[in-house]
Amino acid sequence: MSEKIYAWLLRLYPSRFRETYGDEALQLFRDRSRDERGFVPRLRLWFDLVADFALSMPREYFRVQPKLVSYSAHLRSDGVPSFFALTDEPLGSGALFFGSVLSVAALITFSVLLNHGVKHVPLSALLRPTQGAADSRSSAFSPPAQQAATYNGEEGTIWSAARRQPRTAISPSPQTSAMARNFQIDAPPLPESAEPVQQQSRGAASSLHVEVKLGATERHHVVEAAATILEKNYIDRDNAQKMADALRAHEKSGDDDAATAGAAFAALLTHQMREVSPDRHLTLDYSETPLPQHPLEPTPEGLARYREALKQQNCTFEKVEILPHNIGYVKLNSFPDVSVCQRTAESAMTSVNGANLLIFDLRENRGGEPSMVAFMAAYLFDHPEYLYNPRENTTERSWTRSPVPGNRLADKPAYVLTSARTFSGAEQFCYDLKMLKRVTLVGETTGGAAHSGVWHRIDDHFGMGIPETKAINPFSKSDWAEVGVEPGVKVRAGDALETAVKLAESKLPRK
Amino acid sequence: MPKQKLNPLPSAAFQIMLALAGRDLHGYGMMRQVVKQTDGRIRPGPGTLYRSIQALLDAKLIEEMEPREDASLGNERRRYYRLTSAGRKLARSEAERLADLLRVARSRKILRGEYV
Numbered sequence: 001m002s003e004k005i006y007a008w009l010l011r012l013y014p015s016r017f018r019e020t021y022g023d024e025a026l027q028l029f030r031d032r033s034r035d036e037r038g039f040v041p042r043l044r045l046w047f048d049l050v051a052d053f054a055l056s057m058p059r060e061y062f063r064v065q066p067k068l069v070s071y072s073a074h075l076r077s078d079g080v081p082s083f084f085a086l087t088d089e090p091l092g093s094g095a096l097f098f099g100s101v102l103s104v105a106a107l108i109t110f111s112v113l114l115n116h117g118v119k120h121v122p123l124s125a126l127l128r129p130t131q132g133a134a135d136s137r138s139s140a141f142s143p144p145a146q147q148a149a150t151y152n153g154e155e156g157t158i159w160s161a162a163r164r165q166p167r168t169a170i171s172p173s174p175q176t177s178a179m180a181r182n183f184q185i186d187a188p189p190l191p192e193s194a195e196p197v198q199q200q201s202r203g204a205a206s207s208l209h210v211e212v213k214l215g216a217t218e219r220h221h222v223v224e225a226a227a228t229i230l231e232k233n234y235i236d237r238d239n240a241q242k243m244a245d246a247l248r249a250h251e252k253s254g255d256d257d258a259a260t261a262g263a264a265f266a267a268l269l270t271h272q273m274r275e276v277s278p279d280r281h282l283t284l285d286y287s288e289t290p291l292p293q294h295p296l297e298p299t300p301e302g303l304a305r306y307r308e309a310l311k312q313q314n315c316t317f318e319k320v321e322i323l324p325h326n327i328g329y330v331k332l333n334s335f336p337d338v339s340v341c342q343r344t345a346e347s348a349m350t351s352v353n354g355a356n357l358l359i360f361d362l363r364e365n366r367g368g369e370p371s372m373v374a375f376m377a378a379y380l381f382d383h384p385e386y387l388y389n390p391r392e393n394t395t396e397r398s399w400t401r402s403p404v405p406g407n408r409l410a411d412k413p414a415y416v417l418t419s420a421r422t423f424s425g426a427e428q429f430c431y432d433l434k435m436l437k438r439v440t441l442v443g444e445t446t447g448g449a450a451h452s453g454v455w456h457r458i459d460d461h462f463g464m465g466i467p468e469t470k471a472i473n474p475f476s477k478s479d480w481a482e483v484g485v486e487p488g489v490k491v492r493a494g495d496a497l498e499t500a501v502k503l504a505e506s507k508l509p510r511k
Numbered sequence: 001m002p003k004q005k006l007n008p009l010p011s012a013a014f015q016i017m018l019a020l021a022g023r024d025l026h027g028y029g030m031m032r033q034v035v036k037q038t039d040g041r042i043r044p045g046p047g048t049l050y051r052s053i054q055a056l057l058d059a060k061l062i063e064e065m066e067p068r069e070d071a072s073l074g075n076e077r078r079r080y081y082r083l084t085s086a087g088r089k090l091a092r093s094e095a096e097r098l099a100d101l102l103r104v105a106r107s108r109k110i111l112r113g114e115y116v
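Protein chains in written order, with the working numbering: chain A, 1 to 511; chain B, 1 to 116.
Keep in mind the hints are simulated off the structure, nothing from the lab.
Here's a subset of chain B near chain A, in silico, CB distances under 10 Å, partners left out:
1) 27
2) 31
3) 43
4) 45
5) 47
6) 48
7) 49
8) 50
9) 51
10) 53
11) 78
Only part of the chain A face toward chain B is listed, based on derived beta-carbon distances under 10 Å:
12) 21
13) 25
14) 26
15) 29
16) 30
17) 35
18) 49
19) 52
20) 56
21) 60
All figures in this text were calculated on a predicted structure; none of them were measured in a lab. All C-beta atoms in this analysis are idealised placements derived from N, C-alpha and C, irrespective of residue type, glycine included.
Input sequences plus hints: build the corresponding full structure.
The following block contains the structure:
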């Protein structure tokens, strides 16, 4: 713990210092901690460190770099620019301040332009000379809705189109996907006859929505809808009623009156609900871009494309290799549908079956099917093991199908490489195997996407995600939602493989 | 990394040079030696220590040696440093300068004592 604190303090030093002496400073800290035990020596150690930090850190930053002068002399006078990397130059606080201001200004400008300012023509509209050509291009540039529903390459999240549940997880549009991607979409289709009229009125409402502040009527509508959805669907009936009552009571007592902006109002309602039931999977969101009317069901054609895309990508098994020292290395970039990828997964695992140790590389894995998570995890056990999955009720499918016939990996050490972009199903793999103490995670804390709610659309701009399943988590009170899974060995994602290989080599018996 | 000036020679840098006058040492070894030779009055922290080491390296007063293990501290490899002949010379002249000061202090009755 104390080493972590000191490592954090070290991060405040300039990068050059850290690069040259960071490891040694940490080593020195470890040496002193080992030798200076007891309350008084430990207190003195920390006093020394804090005093040293206070004295030496500002000096590292505020000394002017004399090299700058010699570099400026290199600039050529004939107008031809020449470039030098001034990595030694300390950044002044003024430069940092203006840099931040400039970045924020640029961000605001872009977001305003993207959302309001320019009426843009979609690229696909410009590139549509013939119907046939448009079709083929659509698969390359803008995947049709059904394809997006099943294989969202951008998000990297693969959901099975052939899910057993009637709901289908989709990313409705690029704008709303960020908001809705954590949830399964569940909004019943509207009657056909009513749709055009509603669309029209909603369209008008939505254009007003962007510019006009939220009124009492609109707020009441959202509160009522949210309360009804809670009462109807939330997993814990008692809390559902309490939350619904709380939402209505807050509205009545005028607590919501100040919230005239959509996002602020959504955040307020989320807060009000979580006050009653501190459930991080429960959220009410606001989207400036109108939310789609109803989810898009996958078509057989979309399913076929999904299977084809998976096959072409070797079911996202990017690498399956035996590294030196007989280390099996499996780089898997999603957990695809078992019904499509069972064979590929089996052959991948067979080819590393003789390894002394396994490394699963999930640094680019954005998640996927819980069934594939269980399928892969099965190889690491010689008996059925329970895997916690917040997305599904606990059933017999929650256990791995271990032992896998012919498998020799059940007792082999295993490492899983993680990054901040390891999401969802991949996090389930990491979380469960970490909790079962079956693997060592090496890399960065994962993204924190538990994907465990069902998405309900309230109107064009408001929607809510609520948990409708109750899975038993035998390991801990909370899972990885929003916080991610913390690795046992924390290193930069880029260094994770090297670190894991080093750890592995030290673990393997030397010949 | 910003350069530290060595003229006048800071006390921490001089203590490090004195520590290295006896034998080659790694960072923690230097720190322990400095604590020992100053009776605990100076306990250089990592920031001060490595900043001084860098300054002494830049001025070629000390040099870095091949990393090796210190058997008494486990099997981690450590960077060792040793005094160069220029460093030894400078340390001697600094010591002489201080000895001169001491003589003056004594003659002015500011300091009393048997030794040095």
